[in-house]
Amino acid sequence: MPDGRPVQVVFDRSAVAAFVKQSLAVGEMIAVLVDDDVDFGVPVTVLAEASLAASGADADMLNHLVRHVAFVPLGLSGERWTELAAVAERLESVEPAVVLHTAESLDAYVLTAVPGDYAGPDGARADRVIAIEK
Amino acid sequence: MTKKITISVPDDVAARLDKVDNVSAYLTALARRDLRRETGLRQLSEAGFDISSEGVDRARAQLRAAANRVSAGRRDEDA
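Protein sequences appear in the order of chains A and B.
For the first sequence, the numbering used here assigns the number 134 to the last residue and increments by one with no breaks.
For the second sequence, the numbering used here assigns the number 1079 to the last residue and increments by one with no breaks.
Since the hints were derived computationally from the structure, they do not count as laboratory data.
For each residue, glycine too, the CB sits at the ideal point set by N, CA and C.
Keep in mind that the hints are not guaranteed to be accurate.
Below 16 Å or equal to it, Euclidean Cα-Cα: the simulated EDC-like pairs (lysine to aspartate or glutamate) are [what the hints assert, rightly or not]:
1) A:K21 <-> A:E83
2) A:K21 <-> B:D1050
3) A:K21 <-> B:E1046
4) A:K21 <-> A:E133
5) A:K21 <-> A:D58
Rough simulated footprint, nothing fancy, chain A against chain B, three-plus residues with beta-carbon under 8 Å [as the list claims (entries may be wrong)]:
6) 1003-1010
7) 1015-1028
8) 1069-1077
Pair by pair, the computed Cβ-Cβ distance ranges are [said to hold, decoys possible]:
9) B:E1054 <-> A:G56: 29 to 35 Å
10) A:V94 <-> B:A1067: 25 to 31 Å
11) B:D1076 <-> A:E79: 25 to 31 Å
12) A:Q22 <-> B:S1024: 38 to 44 Å
13) A:R5 <-> B:R1058: 48 to 54 Å
14) B:E1046 <-> A:A86: 26 to 32 Å
15) A:E79 <-> B:E1038: 46 to 52 Å
16) B:M1001 <-> A:W81: 42 to 48 Å
17) B:V1020 <-> A:S51: 26 to 32 Å
18) A:S55 <-> B:L1030: 38 to 44 Å
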């Protein structure tokens, strides 16, 4: 949270991938955040996965993302691993749990192209998940 | 480093600034916010995004809907 600015949206890997493929919906979301003087963040594990997958033009776009004035890399708090484990149990997967848990910790929202990954066993999607419009 | 400048403002702005403790800090924060916004939008343009006001409105509506869902969820938990 540089300069005391809150992180309002956390991107998951699908949102990062959508930005890399120049999804206008992701660009428009960033424009809103800039307008509102808030930031967006990406968990460092998601960034590492995205950078493994990116080469050539995709790597250039990933650089555009991480150099953006509203971008913040988000670390994991080791002290809160049990909360993360509980979210992972609910979602039956660790990666979306990292994103959702990070967003919950910051009282932020999750931007994703795969909202179904954030549904619990009852199929109900987490309230703070925003699906990227196609 | 700072630079001392003198500015002229309309009466309504002067009345607003009269209520501010530190006018320099206040105007600096506003200018920085404006600069950041300009930079952020230019960066999107350089990355190839052609942002429209309709698209921004759509994204803002999505954020508002998510905020409403979270608030409603909290009310349900409290009830």
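Hints, verified against the model:
Between K21 (chain A) and E83 (chain A), the direct Cα distance comes to roughly 33 Å. Violation of the 16 Å bound is thereby established for this hinted pair. With a CA separation close to 14 Å, the supplied pair K21 (chain A) and D1050 (chain B) stays within the 16 Å bound. Proposed proximity of K21 (chain A) and E1046 (chain B) is supported: the alpha carbons are some 14 Å apart, at most 16 Å. Between K21 (chain A) and E133 (chain A) the CA atoms are separated by roughly 14 Å; this keeps the pair inside 16 Å, and the hint holds.
Proposed proximity of K21 (chain A) and D58 (chain A) is supported: the alpha carbons are some 7 Å apart, at most 16 Å. With 0 residues having a beta carbon nearer than 8 Å to a beta carbon of chain A, the segment 1003-1010 of chain B misses the requirement of three or more and the stated coverage is violated. Under the rule that three or more residues need a Cβ within less than 8 Å of chain A, the assignment of the segment 1015-1028 of chain B is violated, with 0 such residues. Taking a C-beta to C-beta cut-off of 8 Å, the segment 1069-1077 of chain B contributes 4 residues in contact with chain A, enough for the three needed, and the coverage statement holds.
Look at E1054 (chain B) against G56 (chain A): about 32 Å separates their beta carbons, and that is inside 29 to 35 Å. In this structure the supplied range 25 to 31 Å holds for V94 (chain A) paired with A1067 (chain B), their Cβ-Cβ distance being about 27 Å. Here the CB-CB span from D1076 (chain B) to E79 (chain A) is close to 29 Å, well matched to the stated 25 to 31 Å. Checked against the given bound of 38 to 44 Å, the beta carbons of Q22 (chain A) and S1024 (chain B), roughly 41 Å apart, stay inside it.
Hint check: R5 (chain A) to R1058 (chain B), Cβ distance near 23 Å, so the stated range 48 to 54 Å is violated. At roughly 41 Å, the beta-carbon separation of E1046 (chain B) and A86 (chain A) lies outside the given 26 to 32 Å, and the hint is violated. At about 39 Å, the beta-carbon gap between E79 (chain A) and E1038 (chain B) misses the expected band of 46 to 52 Å. Checking the proposed 42 to 48 Å range against M1001 (chain B) and W81 (chain A) shows it holds: the Cβ atoms sit about 45 Å from each other.
Between V1020 (chain B) and S51 (chain A), the C-beta spacing of about 44 Å breaks the proposed range 26 to 32 Å. The hinted window of 38 to 44 Å between S55 (chain A) and L1030 (chain B) holds, with their beta carbons roughly 42 Å apart.
The structure does not agree with the numbered hints 1, 6, 7, 13, 14, 15 and 17 stated previously, though it agrees with the rest.
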